[in-house]
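Colleague: Starting from the known structure of chain A, arrange chain B on it as the hints suggest.
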Amino acid sequence: MVLEVKKPRPIWEILFSTHHTDIGLLYIVSSVTFLMMGGALAMALRAELWLPGAQIIPSATDFHRIFTVHGTNMLFLWILPFGSGVGNYLIPIMVRYHDMAWPKLNAVAFWMIPVAAAMIWIGFSDTGWTAYPPYSTLRAPGPAADLWIFGAKILGISSVLGAVNFVVTILKCKHPDLPLMKMPLFSWSILITSLMIIVATPTFAAALIMLYTDRLGISGFFNPEMGGDPIAYQHLFWFTFHPEVYIFLIPAVGMLYETIPKFSRKPIFSYQSGVTAFVLLGIIGFASWAHHMFATGMSFTEKTVFMVGTLAAVPASAMHVFNWLATMWGGRIKFAAPMLFAVGAIMLFFASGAGGVVNTQMPLDFITHDSYWVVGHFHLMLMGTVSLGLTGFLYYLFPLMTGRMYNEKWAKIHFALAFVGVIFVFITQHLLGLYGMPRRVYDYIDSPELVIMNQIATIGAFTVGISYVIMVINMLRSAGKGKPADMEDPFKMGEEYYDYRRREPPVHQ
Amino acid sequence: MVSRLAISWTMIGCLSVIGYLSIFGSNFIDVFAQEAEDIIVRRVAIWDLFYQGMVAAFVVGSLVQGTLIYIYWRFRESNPKNRPRTEKKEA
Chain A
0 MVLEVKKPRP IWEILFSTHH TDIGLLYIVS SVTFLMMGGA LAMALRAELW LPGAQIIPSA
60 TDFHRIFTVH GTNMLFLWIL PFGSGVGNYL IPIMVRYHDM AWPKLNAVAF WMIPVAAAMI
120 WIGFSDTGWT AYPPYSTLRA PGPAADLWIF GAKILGISSV LGAVNFVVTI LKCKHPDLPL
180 MKMPLFSWSI LITSLMIIVA TPTFAAALIM LYTDRLGISG FFNPEMGGDP IAYQHLFWFT
240 FHPEVYIFLI PAVGMLYETI PKFSRKPIFS YQSGVTAFVL LGIIGFASWA HHMFATGMSF
300 TEKTVFMVGT LAAVPASAMH VFNWLATMWG GRIKFAAPML FAVGAIMLFF ASGAGGVVNT
360 QMPLDFITHD SYWVVGHFHL MLMGTVSLGL TGFLYYLFPL MTGRMYNEKW AKIHFALAFV
420 GVIFVFITQH LLGLYGMPRR VYDYIDSPEL VIMNQIATIG AFTVGISYVI MVINMLRSAG
480 KGKPADMEDP FKMGEEYYDY RRREPPVHQ
Chain B
0 MVSRLAISWT MIGCLSVIGY LSIFGSNFID VFAQEAEDII VRRVAIWDLF YQGMVAAFVV
60 GSLVQGTLIY IYWRFRESNP KNRPRTEKKE A
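Protein chains in written order, with numbering that gives the first Met the number 0: chain A, 0 to 508; chain B, 0 to 90.
Read the hints as simulated data drawn from the structure, not as lab findings.
Treat the hints loosely; a few may be bogus.
Stated by the list, open to error - When the alpha-carbon atoms are kept at most 20 Å apart in a straight line, the in silico EDC-like pairs for lysine to aspartate or glutamate are as follows:
1) 491(A) to 407(A)
2) 333(A) to 485(A)
3) 480(A) to 407(A)
4) 333(A) to 488(A)
5) 333(A) to 407(A)
6) 411(A) to 76(B)
7) 333(A) to 76(B)
8) 171(A) to 98(A)
9) 261(A) to 76(B)
10) 333(A) to 487(A)
11) 302(A) to 369(A)
12) 261(A) to 12(A)
13) 491(A) to 47(B)
14) 408(A) to 76(B)
15) 265(A) to 47(B)
16) 261(A) to 407(A)
17) 103(A) to 12(A)
18) 261(A) to 488(A)
Chain A on its own, in the form it takes in the complex:
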C-alpha cells in the first residue's frame, strides 16, 4: 500500500509529483485549508449577526464581500476539490490502473486551483456567489468582481479537466476483467459526477464570458437597456449550479457507500439500486434548475414542470437512504469516528431533503424565498450531509495516507460538537426564515425572537468552528506523533481493511 506521508520525502517531491496519490494528497490538504479559511469568514458573519446593528464588520459592503468569498470558497475550494482529492487517491486503485489516465493533466488541473483561489481571495468581490446581474454587470466594483469572474472561470476549467481525466480513467483504463457493475459504488459516484461536470459546466463558462463582456460594456446580454435580460443569466447560472448541487452531494454519497458496509460488517444491501439511484440523480439533476427562480414571474406551466422535475429526485435520494438502512440492519456496527460522521450525515440528509421538498412546491416557495429558510436548507445539506460525510471519510483515509492513527477520543468529540452545532445553527435558520428574516442582511429588526434565534445560530456556528479546529489539531499532531496504524486492520474491525489493491484482478500498467 502506498503511504505518502509516512515515507520521509522532501516536500517539493510531493508538490511536483504527478502520481495520483500525491495529487490526491495535495487536493485534500488544500481543501481542508480552504475549509478552515472559509469557516473563519463564517464565524465573522455569525459574530456580526449576534445582535442587530453593526458589531464587528464595519459596513454592509464588507459583510457582502465576506459572504461572497465564504460561499465561493466553501463550494469550489472545499467540497469540490475534496471530492476530487479522494477520487484521485482511490479511483486508479479501485479500477486497477497504475495512475490516472493523464497524470500531467491531473497535476495541471490541481495547480489551477491555488491560482483561482488567490484571485477570489485577493479580489474579495461583493456580488454574492451567484453574481446576478444587473448588480454584477453595472455596479459591482472592479477589479474585485473581475477577479471573481476569472477565478470562477479557472475553477470551471480545472473541474472539467479533472472530470475528463476521471471519465477516461474509469471507462478506458479500467482493468478489462473488471466489469462496470463490479466497481465499488464510490467509483460510480465519481463517474456520474464527472459526466455531470462535463455537461453542466460549459454553460456557466459561457455565462461568465457574457457577464464579463457586459461589464466591459461591449455587449448587453443581461442589460435591459441594451435589449438584454438579467433573468437569462439566472437560467444559465442555475442550469449549471442545480446539477452542481448533485455534483457536491454524489461523491459524499459514494463515500458513505464505502464506510457504512465496512463499519456494519456487511455487504451493501443492493448494489444495483445504488447504481440506479446515482444514474437517476445524474439525469434528474438537469430537470430542476428553474426551481430556484419561481419568484421571477414564470408561468404556472413552467413552474409545474420544474416542481415535478425536482420532486423526481426524491425517490432516487430515498433509495440511497433505504439502501444504507438496509445495509446496517442485521450488521454489527462499530461506531468509530468515520461511522459516526456517516450516520450523522444520513440523519441530516433526510432533514435537509424535507426542507428542499418544501422549497420545491411553488406556493410554499413564495413563503421561503430569499429568507433565512433557504440559507438553513442548503447549509444543512452542504454542511450537515456533505461536509460531515466528507469529514468522516477523511478520518477513514487518515491511516491510509499517513500510516498513523488519529486520536479516536478527540475525533468523537469533534463529531459530537459538529453534529450538535450544525443542528443549532441551521435548524434555527429555518425558523428565522419563517419569522421573516431575509437572507444576506447585515442588520435586522430588533425583535426578541430574531435576536434570540440569531444568538442560538451563532453559538451553534462557533461550536462547529471549534470542532473543526479540534480536528485540524488532532490530525496535525497524529500525522507526526500518532500511534502507527495497523495497516491490515486500523479500526480493529477483525477483518482485512484496505483491501482495494488485494482484490482481483491485479493492477495493470
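Modeller: This is chain B only, laid out in the frame that chain A set:
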C-alpha cells in the same frame, strides 16, 4: 425471489405515495385558483398547505429517523444481543 432492487423501489414508492397524498390530496389546486368566483385568501391557503406539508414531513421523518435510531441501538456491536455467533457458542 424478489430482488433487492424491487424491495427498495417498493419501500420508496410507499413513502412517496404517503407524502404525495398528504400534500397534493388537499387544497393544492385551490392555491392557484384562477376563476373569479373562487374567493380564497391565498396567504391563508398557502400557510395551510405549509402546515400540511410539515405534518407529512414529520410523519415520514419520524418513521425514517425512528428506524435509524433503532438500527443504531439494536445493531451496535456493544449490544449483548449482537455478539458474533462464534462468541455466543463459546459463552
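Colleague: Is it true that the CA of residue 302(A) sits at most 20 Å from the CA of residue 369(A)?
Modeller: Answer holds: residue 302(A) to residue 369(A) is near 17 Å, not above 20 Å.
Colleague: Compare the distance between the alpha carbons of residue 261(A) and residue 407(A) with 20 Å, and conclude whether the hinted pair is satisfied.
Modeller: holds, 17 Å
Colleague: Hinted pair, alpha-carbon criterion (20 Å max): residue 408(A), residue 76(B). Please report holds or violated.
Modeller: holds, 18 Å
Colleague: Are the Cα atoms of residue 261(A) and residue 488(A) separated by 20 Å or less?
Modeller: With a Cα-Cα distance of about 11 Å, the restraint between residue 261(A) and residue 488(A) holds, given a limit of 20 Å.
Colleague: Take the C-alpha atoms of residue 333(A) and residue 487(A), compute the straight-line distance between them, and say whether it is at most 20 Å.
Modeller: holds, 17 Å
Colleague: With a cut-off of 20 Å on the C-alpha distance, tell me whether residue 333(A) and residue 485(A) pass.
Modeller: holds, 17 Å
Colleague: Given the proposed pairing of residue 333(A) with residue 488(A), does the C-alpha separation stay at or below 20 Å?
Modeller: This hinted pair holds, its Cα atoms lying about 13 Å apart.
Colleague: For a C-alpha distance cap of 20 Å, please report whether residue 491(A) and residue 407(A) respect it.
Modeller: Judged against 20 Å, a Cα distance of about 12 Å means the pair holds.
Colleague: Taking 20 Å as the top limit, are the C-alpha atoms of residue 261(A) and residue 76(B) close enough?
Modeller: holds, 13 Å
Colleague: Taking 20 Å as the top limit, are the C-alpha atoms of residue 171(A) and residue 98(A) close enough?
Modeller: holds, 12 Å
Colleague: What's the verdict on residue 333(A) and residue 76(B), does the C-alpha distance respect the 20 Å limit or exceed it?
Modeller: holds, 6 Å
Colleague: Taking only the CA atoms, is the gap from residue 103(A) to residue 12(A) under or equal to 20 Å?
Modeller: Holds - the C-alpha atoms of residue 12(A) and residue 103(A) are around 14 Å apart, at most 20 Å.
In terms of the numbered hints stated before, the structure departs from hints 12, 13, 15, listed from lowest to highest.
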